[in-house]
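Participant: If you want the building blocks of each chain, they are given just below.
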Amino acid sequence: MAAAVELSGVTKDFGHMKALRGVTLSFGRGEKTSLLGPNGAGKSTLLRIVAAQMVPSSGSVRVLGYDAQRQREDVKRRIGVVGHRSFLYDELTVLENLRFYGSFHGSTQEDYDRVIALTGLDRWRDVKAGVLSYGLRKRGDISRALLGDPDLLLLDEFFSGLDVETSSSLAQHLKRLDDKTIIVSSHSPEHVQSFCTRTVYLRGGMVERDVGPT
Amino acid sequence: MRTESALSVAVRLAVKDLTVELRRPHELLSIIAFTLSSVVVSSFSWKAVLGLDPVVISATLWVIVYFASILALTTSFAREVDRGTIDGLRSLPCPPYAVLVGKMVYGVVTLFIVLASLLASSLFFMNLDASALPALLVVFALGAVDFALMGSIMSAVLMYSEGKNLLLAFLFFPVSVPVLLPGIQAGAKVLSGAGLASVVPELRLLLAFMLAVVAVSVTLFKEIFLE
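Line order of the protein sequences matches chains A and B. Just so you know, numbering that gives the first Met the number 0 puts 143 at position 144 of the first sequence, and the rest follows in order with no gaps. Just so you know, numbering that gives the first Met the number 0 puts 129 at position 130 of the second sequence, and the rest follows in order with no gaps.
The set of hints was computed from the structure by calculation and includes no laboratory data. Just so you know, not all the hints are guaranteed correct.
[Said to hold, decoys possible] Just so you have them, the derived chain B footprint on chain A, three or more residues with Cβ under 8 angstroms:
| no. | segment |
| --- | --- |
| 1 | 46-53 |
| 2 | 101-113 |
[To be verified] One-sided excerpt, in silico: chain A residues whose CB lies under 8 angstroms from chain B:
| no. | residue |
| --- | --- |
| 3 | Q70 |
| 4 | E72 |
| 5 | K75 |
| 6 | R76 |
| 7 | V80 |
| 8 | G82 |
| 9 | R84 |
| 10 | F86 |
| 11 | Y88 |
| 12 | E90 |
| 13 | L91 |
[Unchecked claim] If you anchor each label on the Cβ, the simulated ranges turn out as follows:
| no. | chain 1 | residue 1 | chain 2 | residue 2 | range |
| --- | --- | --- | --- | --- | --- |
| 14 | A | D125 | B | G194 | 24 to 34 angstroms |
| 15 | B | A32 | A | L117 | 43 to 53 angstroms |
| 16 | A | E164 | B | R23 | 55 to 65 angstroms |
| 17 | B | A115 | A | D178 | 44 to 54 angstroms |
| 18 | B | S130 | A | Q68 | 54 to 64 angstroms |
| 19 | B | L21 | A | G105 | 19 to 29 angstroms |
| 20 | B | Y159 | A | K17 | 11 to 21 angstroms |
| 21 | B | V199 | A | G129 | 43 to 53 angstroms |
| 22 | B | S130 | A | D66 | 57 to 67 angstroms |
| 23 | A | M205 | B | Y159 | 18 to 28 angstroms |
| 24 | B | V215 | A | S56 | 24 to 34 angstroms |
Remember, it's a predicted structure, so these values are computed and weren't measured experimentally. Ideal Cβ placement from N, Cα and C applies to all residues, glycine included.
Bound-form chain A, shown alone:
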């Protein structure tokens, strides 16, 4: 079976700064991978390129069989992204936020109910996102990312700023998503190890170590 994500010789320069230096990686379908590394290692840049939100300086990226640069909309339709900052609008309720983002995936009320139930947000569905705690907001972001039933989830610094209890709870939620390919970036390995089977260490824009099944 073709890999979910294939990066070949990917570089990204920001002026003189090289964020990625010839990264070649492959992520299998259904595989759950943690991207670890210090600040500036290139984790977020890598995820943004895979998410078709950023154009690489060179190299090629294929996501779920699509060229991430030429077929951006096809890629975006099939992936879910959670950034280190929330994509939810403070003034809209959880459900309104889901309806807004879901409208781009043809989601139905049934889909909203399903993702809300999956992330345990039933009690907060009609609460404005601006008043949610950080942890609840993260759950809202996962709900949003799951709309359209994506095959690939990209989670950037997903556990940053969360307490141990919330992190464990969210890790359990992610563990239940058996059929999804997940790539999650993190500074620290504690929470990602509970559901990831592979770990890629990035440093200075290069793959330092790749430990795991693929």
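Using the hints, position chain B against chain A.
Facilitator: Structure of chain B alone, referenced to chain A:
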């Protein structure tokens, strides 16, 4: 994506922006307050010093629309960046230009709200001739659309800049001149009693500028939007 669906995406984005805006109405209300107070102060001043000359009234109304546009449009993309939701927009499976058109539609609706309050208050405080209102509405509506389109793309260009509000205020002026000059002339003619037919050349200029801004914006926006 077909044109229809790109338009429906743009409308959805604009509705989202308007809903967000109306739930935190202080910004829109402050722009309307600025508009109303400017009309009142101007009407007192011009009446005492110059009388209600059509050129002066037209210029005054355009200056108010110009500053209201700056106030309304600086936040268009900057707010998305400040809140982190710009990456949410980038994650949407739609062409980048649909996002820009959505912001433009939002800008147009916002400026039309401002325009409604401006012309309504001007009728009362500047004793505008009510029969001139339809033609005046056409002239100012075209100008407001021009400002909304221009402000949206400039807000996108400057969204990551330090001091973007200040930069927009400075950069908005030179690109506004092609709107302000024919707009002021057309406004003055209409206020002098001339009909809409007499301002067709000015309207053509406003329309041509609008098309040019749309063409440049749609071409450039992808490079601006995708990092």
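Participant: Work down the list of hints and note, for each, if the structure agrees.
Facilitator: To see whether the hints hold, each was checked on the structure:
Residues of the segment 46-53 of chain A with a Cβ under 8 angstroms from some Cβ of chain B number 4, which satisfies the need for three, so the listed coverage holds. A stretch counts as covered by a chain when three or more of its residues have a beta carbon under 8 angstroms from one of that chain; for the segment 101-113 of chain A and chain B the count is 3, and the coverage holds. Interface restraint check: Q70/A against chain B, minimum CB-CB distance 11 angstroms, threshold 8 angstroms, status violated. With a least beta-carbon distance of about 5 angstroms to chain B, the hint placing E72/A at the interface is held under the 8 angstroms criterion.
The interface hint given for K75/A holds, since its Cβ lies 4 angstroms from the closest Cβ of chain B, which is under the 8 angstroms cut-off. For the restraint placing R76/A at the interface with chain B, the shortest Cβ-Cβ distance is roughly 4 angstroms, inside the 8 angstroms limit, so the hint holds. At a threshold of 8 angstroms, the smallest CB-CB gap from V80/A to chain B is about 5 angstroms, leaving the interface hint in force. Given the 8 angstroms rule on beta carbons, the hint for G82/A holds: about 5 angstroms separates it from the nearest Cβ of chain B.
Contact between R84/A and chain B, as hinted, is supported at the beta carbon level, the nearest pair being about 3 angstroms apart and thus within 8 angstroms. Interface restraint check: F86/A against chain B, minimum CB-CB distance 3 angstroms, threshold 8 angstroms, status holds. At about 6 angstroms, the closest approach between the beta carbon of Y88/A and any beta carbon in chain B falls short of 8 angstroms, and the interface hint on this residue holds. Checking E90/A against chain B by beta carbon gives a least distance of about 4 angstroms; that is within 8 angstroms, so the hint holds.
Because the smallest distance between the Cβ of L91/A and any Cβ of chain B comes to about 7 angstroms, under 8 angstroms, the interface hint for this residue holds. Here the CB-CB span from D125/A to G194/B is close to 53 angstroms, at odds with the stated 24 to 34 angstroms. The hinted window of 43 to 53 angstroms between A32/B and L117/A holds, with their beta carbons roughly 45 angstroms apart. Range check, E164/A to R23/B: about 32 angstroms between beta-carbon atoms, so the 55 to 65 angstroms window is missed.
The given range of 44 to 54 angstroms is respected by A115/B and D178/A, whose C-beta atoms sit roughly 52 angstroms from each other. At roughly 57 angstroms, the beta-carbon separation of S130/B and Q68/A lies within the given 54 to 64 angstroms, and the hint holds. Judged by the Cβ atoms, the range 19 to 29 angstroms given for L21/B and G105/A holds: they are separated by roughly 27 angstroms. Checked against the given bound of 11 to 21 angstroms, the beta carbons of Y159/B and K17/A, roughly 20 angstroms apart, stay inside it.
The hint said 43 to 53 angstroms for the Cβ distance between V199/B and G129/A, and at roughly 49 angstroms that hint holds. Checked against the given bound of 57 to 67 angstroms, the beta carbons of S130/B and D66/A, roughly 60 angstroms apart, stay inside it. Under the hint 18 to 28 angstroms, the C-beta atoms of M205/A and Y159/B, about 27 angstroms apart, fit the expected range. A C-beta distance of roughly 26 angstroms is found between V215/B and S56/A, which places it inside the suggested range of 24 to 34 angstroms.
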